[in-house]
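J.: Going line by line, the protein sequences match chains W and A. Position 17, counted from 1, in the first sequence is what our numbering calls 18; the numbers after and before it change by one each time, with no gaps. Position 71, counted from 1, in the second sequence is what our numbering calls 283; the numbers after and before it change by one each time, with no gaps.
Keep in mind the hints are simulated off the structure, nothing from the lab. Built from N, CA and C at the ideal position, the CB exists for glycine as well. Worth double-checking, as some hints may not be accurate.
What the hints assert, rightly or not - Among chain W residues calculated to face chain A with C-beta under 8 Å, some are:
| hint | residue |
| --- | --- |
| 1 | M18 |
| 2 | Q21 |
| 3 | K24 |
| 4 | Y60 |
| 5 | N62 |
| 6 | E65 |
| 7 | S67 |
| 8 | A68 |
| 9 | A69 |
| 10 | I72 |
| 11 | D109 |
| 12 | N114 |
| 13 | N123 |
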Amino acid sequence: MANSDTRRIFLVDDDPMHLQMLKDHLSSKLKLDITTFSTGEDCLANLDKQPDAIVLDYYLNSVEKSAANGIEILKKIKARQPDTEVVMLSGQEKIEIAVETMACGAFDYVIKNESSFLRTENKLVNVFKHKKLQENLKLYKKGVLFMGIAIAVIIIVAVILVATGIASKNPQVSL
Amino acid sequence: MSDKVTDLTFLGSFTGNDPQKIKRYVQMFLDRAPEQVEEIRTSLGTGDYDNLRVAAHSIKPQLAYMGIKSLEQDIRSIEEISGSKNNLDALPALIDKLETIMKQAFGELREYVSAN
């Protein structure tokens, strides 16, 4: 069962062997709740489960010929859930592909080869660090806002007490 | 034999030399790759170079995992040529070589599966 330390991720790839190998590798290295999909459409249909990260293959139509490619799915994920980070995966070694995916909102890009399992693991660790920082920043902002409101209330109360003469008439009063 | 075309060193390292896990991945490869090679041949015959590129692209990482190094450059060439549609005359010879080596690879891997 997933607990608060466990991150939820989706793996999307039409290559069953790579999908299984990646799932086996990541589940042995990180505390993850992993769901796998062979098409981007299935991934989109499950976005309401709000994964922390998605590892998404660039080409998804080798089996299901009409399946949408990874870049189309990436755009839809970012439009619906901008906070979900996407690591793109592809056998394409062209820098243009990496640039295109990053421009569409991918967190990072991994080339599919023997080192891609370790590299994907490292990218996910970076995603989780980034998300943790964002979560801490949100908490910090809430804390600062709360402190600001509290100080404002104290000042207003003090001003009212002085204006009504309560504070000066009773200097010994203990609250 | 030194003329083997497959090398399971990577899978050994990936699985911590667990023969059952290696066998599982090899079987997954054997379940899919023969169809992909057939698709490459069929696409060449019908002139469907987009489909040929997708099939070559899809099988490329699997060849690396099975240590079929003799096809490393050829599969890239097949993908590039079918994508760019330049130098299409080179494709038949490359695909003949792919089929020959893959036939041998399938034999070696089936032997591994039945022996483990």
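J.: Let's test the interface hint: is any C-beta of chain A closer than 8 Å to that of Q21(W)?
T.: holds (6 Å)
J.: Regarding the hint that S67(W) lies at the interface with chain A, is the smallest CB-CB distance below 8 Å?
T.: violated (12 Å)
J.: A closest beta-carbon separation below 8 Å is what the hint needs, so does M18(W) meet it against chain A?
T.: With a minimum Cβ separation of about 4 Å from chain A (threshold 8 Å), the hint on M18(W) holds.
J.: Quick one, is the N123(W) hint okay against chain A at 8 Å, beta carbons?
T.: Given a least distance of 16 Å, the restraint on N123(W) is violated.
J.: Could you check if E65(W) really has its C-beta closer than 8 Å to a C-beta on chain A?
T.: With Cβ-Cβ at 11 Å, over 8 Å, it is violated.
J.: Just to be careful: measuring from the Cβ of I72(W) to every Cβ in chain A, is the smallest value less than 8 Å?
T.: Because about 15 Å separates I72(W) from the closest Cβ in chain A, which is outside the 8 Å limit, the hint is violated.
J.: Could you check if N114(W) really has its C-beta closer than 8 Å to a C-beta on chain A?
T.: With Cβ-Cβ at 6 Å, under 8 Å, it holds.
J.: Against chain A, run the beta carbon of Y60(W) and see if the smallest gap drops under 8 Å.
T.: holds (6 Å)
J.: Can A68(W) be said to touch chain A, with a Cβ gap under 8 Å?
T.: Nearest chain A Cβ about 11 Å off; hint violated.
J.: Answer holds if the nearest beta-carbon of chain A is closer than 8 Å to that of K24(W); otherwise answer violated.
T.: It is violated, given that the least Cβ distance between K24(W) and chain A is near 12 Å, above 8 Å.
J.: Regarding the hint that N62(W) lies at the interface with chain A, is the smallest CB-CB distance below 8 Å?
T.: holds (6 Å)
J.: Hint check: is the beta carbon of A69(W) less than 8 Å from a beta carbon of chain A?
T.: This interface hint is violated because 14 Å lies over the 8 Å limit.
In terms of the numbered hints stated before, the structure departs from hints 3, 6, 7, 8, 9, 10, 11, 13, listed from lowest to highest.
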